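S.K.: Chains A and B, in that order, give the protein sequences.
Under UniProt numbering, residue 179 is the last one in the first sequence; the count climbs by one each step, no gaps.
Under UniProt numbering, residue 179 is the last one in the second sequence; the count climbs by one each step, no gaps.
Derived from the structure by calculation, the hints contain no laboratory data.
The reader is advised that the hints may include incorrect statements.
Here are the simulated PhoX-like pairs of lysine-lysine, each with C-alpha atoms no more than 20 Å apart in a straight line [claimed, not checked]:
hint	chain 1	residue 1	chain 2	residue 2
1	A	K75	B	K75
2	A	K59	B	K39
3	B	K39	A	K39
All of these numbers come straight from a predicted model, not from anything done at the bench.
Protein chains: 2
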Amino acid sequence: MATTERAAEQGEPSAEVAGAGTDSRPREGPAPATGVEEKLAELEDRWRRAVADLDNVRKRQATELRREVEAERAKVAAAWLPVLDNLELALAHAEADPSAIVQGVRAIREQAVRLLAGLGYPRDDETGVRFDPNRHEVVAAVEDPATEPNTVTHVVRPGYGTDRHRLRPAAVAVSKSQG
Amino acid sequence: MATTERAAEQGEPSAEVAGAGTDSRPREGPAPATGVEEKLAELEDRWRRAVADLDNVRKRQATELRREVEAERAKVAAAWLPVLDNLELALAHAEADPSAIVQGVRAIREQAVRLLAGLGYPRDDETGVRFDPNRHEVVAAVEDPATEPNTVTHVVRPGYGTDRHRLRPAAVAVSKSQG
């Protein structure tokens, strides 16, 4: 069935190939054969083997894909466990020393930012740069005579990622041209 | 080459198949053919098409795998951004009202626990259950005459996940049998 779909997708006239699994093999056991018949049998054998390989490769592909995606989910989720553990430690310490929690939470925030950078999603909270629609989402336009128009004056919510892999753009305020 | 490796892996005698790409086609242009020759040409064509399909499927597999794994990484990482945003909000509020941060961090801890459960990794911090080497890692053995031996008396560090997908076991204290 997969073979038929793929053939249709490519517009190839290989409908007969799809039925291969149900054909009975034309030769049974060794028989005295002419050169042409031998060649015919050999070619048919090669073809059947290639079709069977194709089927196996497709099945393995689906299994491998599921396994790799699950492994990636576990890897990324597990990377966050220390952040959660530290939140709980900070809360436990807060009962004994309430003033320590702010410092603890600041450290956890930094830990989370480093973690995201390590996964390939560096923080983007730069101001003073030119507005770039790929990395910025404008949430406010401000009048600022001291600033060149279209400059990021303030980051409301930082972005994460790169041009190739962006989790979200930075939400920013941008200077508008003076009317 | 990929075909040769795979054939070797399965112990199939398909070394000749691997060389297919370098063979010149035995028929060139339309020629008056006997029934056997037509059949031969058709079979050869089917076989070559199946081998080409096999090659395409393998190439697409690598690309698709990379794409899906990257998408999963982005999905899981992005799910944690609200946790980080809330940490930053809690810190911002802490400056105005230091007492509010403990409540805020508690809520963020709950948010992180729910997030992990949503990804398929529920929290495991149950006490009073029988020790299970699959979900528990013993870090202490305690004498507790009131408790059945081999019972989890205290969770030192919660575990996350299920039998099928476990991020880490729970680190626990277990009651030992009375000597």
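S.K.: Mind listing which of the numbered hints don't hold for this structure, in increasing order?
M.R.: 2
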